[in-house]
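J.: Each chain is listed here by its residues.
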Amino acid sequence: MVDPHLLFEQLFNGVQYGILLFLLAAGLTLVFGIMDMMNLAHGSLYMLGAYIAATVSLVTDSFLLGIAVALPATLVVGIFLEVVILRKLYDRGHLDQVLATFGMILFFNELVRLIWGPAGIEVPLPSILNQSLTLFSIPLPLYRILVIGVGLAVAGFLYVLVVKTKVGMLIRAGASNREMVGALGIDIKKIFTLVFGLGAALAALAGAMAGPIFAATIGMGENILIQVLVVIVIGGIGSIRGAFVGSLLIGVIEIMGRSFLGDFFKLFLPDNAAETAAPAAASMLIYILMAGVLFFRPQGLFPARSG
Amino acid sequence: MIPTRETMVVIITFSLLALVPVIASITDVPFYLDLGRRMMILAIGALSLNLIMGYGGMISFGHAVFVGIGAYVVGICAEHEVVSGFIQWPLALLACGIFAVIFGAISLRTRGVYFIMITLALAQMMYFLGVSLDRYGGDDGLPLAEPSYFSGLIDLSEKTSLYYLVFVLLLLCLWICKRLINSRFGMVIQGARSNEARMQAIGFPVFRYQLTAFVIAGVMAGLAGILLANHTEFVNPDMMHWTRSGDLIIMVLLGGMGSLAGPIVGALVFILLEEALSGVTEYWQLIFGPFLILVVLFARGGLLGFLEKRQSPKKTSEGGDD
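Residue numbers (the numbering used here), protein chains in the order written: chain A, -10 to 296; chain B, 69 to 390.
Just so you know, these hints were derived from the structure itself, not from any lab.
Predicted model, so just to flag it, every value in this text is computed and none were measured.
Hints are not guaranteed to be accurate.
Label pairs and their in silico Cβ distance ranges [said to hold, decoys possible]:
(1) Thr349(B) x Tyr148(A): 31 to 39 Å
(2) Arg286(A) x Ser251(B): 49 to 57 Å
(3) Asn212(A) x Gln268(B): 33 to 41 Å
(4) Ala269(B) x Asn212(A): 38 to 46 Å
(5) Arg203(B) x Lys255(A): 15 to 23 Å
(6) Leu340(B) x Asn119(A): 48 to 56 Å
The beta-carbon is built from N, C-alpha and C at its ideal position, and this holds for glycine as well.
Whenever a hint applies, use it, and build me the whole structure from the sequences.
T.: And the structure:
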């Protein structure tokens, strides 16, 4: 029988992981949706954010300062990439975009290895955050609660930005018909740069916050990128709402699957067979879910209107 | 008829490849043999990808998964002491075919960016499956106890015979691709790349044609996997990692997408570049990454496209995005 405390704890961890995915998925889905741009280098920005934040917080002994430096620094890198390289690729096919951003990944991974060395960086938590709150006699790490809080705040901010403001209106208009927005005299290029920069900053935020949980490592970007892609595909490209729902779904399934699939299999399989099959099945779970969603809704759960 | 530049390139490339074992034995550098074999095996993978990507407009970012499945079937068979190539090879190709049908049927429901991401995700799924297969080495992979055994017909543990087997199979694959592209089937595939709705309207069941192409490409990549397992005498999940799929795409693009021999040239150049750059610096991807970006920005059509352009104006090859 599954311990309900453990169940709740893992559900909590799943939500927290989902929030992290959301911070990445939100920026990326806009880039995909509005610019019809296949950007694989988003994970590199996440990694960069994590490394910068880790370094600064280790040097200055201030976790907050680390985040405060990582965000603008990654934002600048993101805008630089957009203006110098990606902008030239909007009119190209997806293949060119895949290849160029793949080149960026290789470059950034190697750059990080050159600067920080092949080993990852463990980021210690400040002692204030390194404690737990107890809820129904279940200890919940304060830091993870904070991550969830920040994620929800970002989600709220994005909702207001996209739905209530003029910039948001232009973003939505750009997503449904980019040529038309341009024809109406709006400088769509500026909007693109803005969106890309915003996405980069959110990726850095996710990276900086992931540091104390997973440590900053080379290749951290790609592993999470694939899951973020699954989120975006499930949620529907270009949809923030889809990204939010998809992130939580994938986060919870990913974490819960790893913890409980073995127990679940034991209900109808012999113990050792269940223990062998569970890790394999758990790692495939989200992809099976994706295949299932696509089978019934090829445009994802919340298809953004596209032109 | 004057041979086209592409034909010339093919003749020159294969003549050089045929001479590699001779050169390796004269200079006594067996590494050349190894290098040449790896080039040709990856060339088979790139050829198969070009079939769907260059001609069919289906940008698969998970093509290496079939290389991995092919290799794993050989590895798993050998682990269970089934070493006969007459069993291993058809089984591996069949497995690739079955997986290609499933993956193709799922991915081909989508288009554009979705297609790229789904092929990527499905391949990563298999990668993680490989990692979690503890029985077959998991993360560390599975050493191949002995190469596929062909009852004395050909001895694959003899490096030169393996080399020429790969050589012949590469030629065979090139020939198959040529026949396919110029057949009615190939025309439908290419037609669907330029205008799917129109092909549909004419009355072609586009999905079935595309799925067939996807399966053929998957099986051909599986052949590359079988050879790769015999070549490295080792199987590991890394063969299916998405960066391997990226490598295949790079090879196709370097050589020139949608040209028949482009992927072969691309694979050769890719491996040579990798060798040369990693000889210069340990951090060779620091150079290779930006090089890729420059190729995308300024050298469209790849190397063969460059040759063709000088010969006659040719339309730039472009992914079949909608």
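J.: Between Arg203(B) and Lys255(A), does the C-beta distance stay in 15 to 23 Å?
T.: At 19 Å between Cβs, range holds.
J.: Using the Cβ atoms, figure out if Asn212(A) sits within 33 to 41 Å of Gln268(B).
T.: Given about 39 Å between the Cβ atoms, the range holds.
J.: Between Leu340(B) and Asn119(A), does the C-beta distance stay in 48 to 56 Å?
T.: Once the Cβ atoms are compared, 52 Å apart, the range 48 to 56 Å for Asn119(A) and Leu340(B) holds.
J.: Do Thr349(B) and Tyr148(A) keep their Cβ atoms within the hinted range of 31 to 39 Å?
T.: violated (47 Å)
J.: Quick check: does the Cβ-Cβ distance between Arg286(A) and Ser251(B) fall within 49 to 57 Å?
T.: At roughly 35 Å between Cβ atoms, Ser251(B) and Arg286(A) fall outside 49 to 57 Å, so the hint is violated.
J.: If I claimed the Cβ atoms of Ala269(B) and Asn212(A) lie 38 to 46 Å apart, would that claim hold in this structure?
T.: For Asn212(A) against Ala269(B), whose Cβ atoms are near 43 Å apart, the range 38 to 46 Å holds.
Comparing the model with each numbered hint stated earlier shows that hints 1, 2 do not hold.
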